[in-house]
Amino acid sequence: MDDPYEDRSMPSDHGLPKNESDDHLDDLDNLKPAEVDYYAVLNLSKSATEEEIKDAYKRLSRIFHPDKHNDQALKEAAETKFHTINRAFEVLSTPHLRAAYDEYGEEGLNTKWDVGFKVKTAQELRDEYSRLAKEKREIELESLVRSKNDITINVDMSRVFSQPDIPTPFGGTMFAQKNQGGFLNSLKRTEIMQLYMKNSFETQFGSRTQLILGGQMTSRSGMGGGNIVATVRHAFSEKFNVEVGSSLLSPRVGVFKGTYSIDPMTFVTGTAQVRHFDGPAPISMTFGRRITKGATGYMTYRTGEWALGSWGPAFERRREFSSMALGVSSQEADGGYQAEVQTGIMQSHISLDRTWTVDNFTRVRVGGSISTTAGINVSIGGDRKVTEHTKVGLAVEVGLSGGVALNLKVKRLGQSVTLPIVLASNFNPKIAFWATVVPICAVTALDMGYVKPKRRRERAEKIDELRKAHADFIASQKKEAEEAIELLRESTARKAKKEVEKDGLVIVEAIYGNLNADPELGLTVDVTIAIQALVNNSQLTMPGGHSKTHILGFYDPCLGEKKHLRIRYEFQRRLHEIVIADMAALAAPVRSHLLAQ
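Residue numbering for the sequence shown follows UniProt numbering, starting at 1 and increasing by one per position.
Treat the hints with caution; some may be incorrect.
In silico lysine-lysine, BS3-like type, Cα no more than 30 Å apart, as pairs [as the list claims (entries may be wrong)]: (1) K58 x K478; (2) K68 x K479; (3) K452 x K462; (4) K498 x K75.
Simulated from the structure, these hints should not be mistaken for laboratory data.
Throw the hints in and build the complete structure from the sequences for me.
Below, the structure is given as structure tokens:
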């Protein structure tokens with residue numbers, strides 16, 4: 001039976017990327033102090049123009065210039081922040097530095113790049129930096145070997161759930177007594193039908209060529225065989241690449257595959273398999289085109305075994321026959337679907353699959369097909385990430401003429417183990433029901449009783465470690481943010497007074513951090529003055545990323561935890577409140593009356 005929780009049909013070279021998030025425990029990679037965001041320092045978006053950068057620098061210089069403050073403590077604090085403001089202005093106002101910073105952050109500013117920036121536009125600089133980084137990654141890949149290992153164990157348990165026939169002394173058979181010997185005794189009737197193993201590794205030769213060397217082995221009823229397959233993949237250009245492969249042992253099979261992108265929306269793929277020279281090689285041709293933003297339509301023609309005059313097998317001796325398939329495949333963030341209709345001389349089918357992405361860790365899939373050879377088949381399955389690198393899949397497939405099968409799959413990095421288990425050789429609604437309900441209940445219990453509590457414990461431990469490891473850093477950021485608030489206090493008071501006089505936007509209170517935590521834990525910070533400082537002409541402009549800088553009075557008070565920003569404000573003498581879960585939600589200027597809505 002097919003694997004019900006795997007996507008099928010579309011060529012992998014041009015299919016849309018699968019939605020497999022690498023997030024774990026709400027993205028542990030972000031649980032660390034972030035570097036200063038120069039755009040946030042100047043209160044700008046990444047699309048800011050040169051004039052906007054200059055205006056922001058002048059506005060902040062009037063507030064943070066050391067000469068503007070008489071108090072010695074404030075003067076020293078202003079010098080530190082004015083240095084950061086100058087650095088941000090230097091980077092963002094210099095085209096080649098800004099391009100490197102946009103692409104690689106602070107690391108890009110500390111790396112020597114062989115880029116002729118004096119004669120290039122800003123966009124050309126970005127393209128050049130991207131090309132150099134790509135070449136650097138390709139060089140690193142030359143010594144990288146990626147290994148994959150697949151093990152499939154086909155298990156037949158149909159006799160476990162059926163009553164065996166016992167021969168009688170008078171000939172014929174009789175049914176065994178139900179549950180004779182118990183369930184554990186009946187498990188002895190389990191059979192291993194087939195064992196399949198495949199291992200391959202891939203390595204890079206230069207920037208355009210890859211070598212894939214693999215071996216495969218099949219064992220069935222104590223007999224089996226294996227082979228070694230070598231494949232060379234080469235990209236002649238961004239539009240055209242080829243694969244040439246061959247088995248090294250008997251039986252020898254050669255494969256040639258070529259893919260050509262006619263334009264960014266259209267591609268064509270051709271594959272030929274050469275098993276012997278008694279006839280022309282079977283050919284498969286696929287033509288595909290993106291028909292909507294997330295969907296790709298395709299048409300596949302397979303010749304099967306064919307003859308050219310007297311060269312080739314006669315019709316009655318052919319094992320593969322021609323077919324034509326039309327389909328559409330879509331994979332987006334919230335899931336995907338695939339529909340296909342195939343007509344052929346010996347086999348035709350209609351299939352439909354639908355996948356839903358439940359969250360960052362879980363996908364659910366339902367599929368069905370009607371075939372002239374396999375009849376009606378329905379499958380339901382899903383997979384879930386249980387650790388950062390481990391995913392477990394479960395699926396049940398029911399065929400009106402093919403019985404009931406349960407598929408289990410475990411994937412970790414490049415390794416996978418699959419167990420297709422035949423529960424009934426014929427359609428059995430009772431077995432189909434329990435084969436669906438029992439695994440789902442077991443997985444749910446495991447998830448609720450072990451996986452989620454384990455994640456919560458790991459996250460709590462990680463956050464606790466981060467708090468201890470970065471306690472000095474957080475304290476330093478808090479001190480500098482408090483200094484910034486003092487530097488902003490006087491100018492912000494004048495600004496708020498003008499807003500009051502014209503019934504404009506006045507920030508009453510703004511709290512940032514973990515709003516659900518006990519206030520005594522110190523996981524929130526009062527940013528009322530900082531938010532009021534960002535108000536100009538009754539407009540609040542707040543590009544995302546302010547938690548990455550203490551210049552404007554922001555810092556991260558609860559490293560690794562989810563943060564919100566709660567703002568209580570007056571507009572036209574009416575009091576309003578808004579809670580923002582994502583700082584980027586205010587990435588564009590937001591008028592106060594829109595906040596009220």
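Report task. Any hints from earlier that this structure breaks? Give me their numbers in increasing order, please. Result -> none
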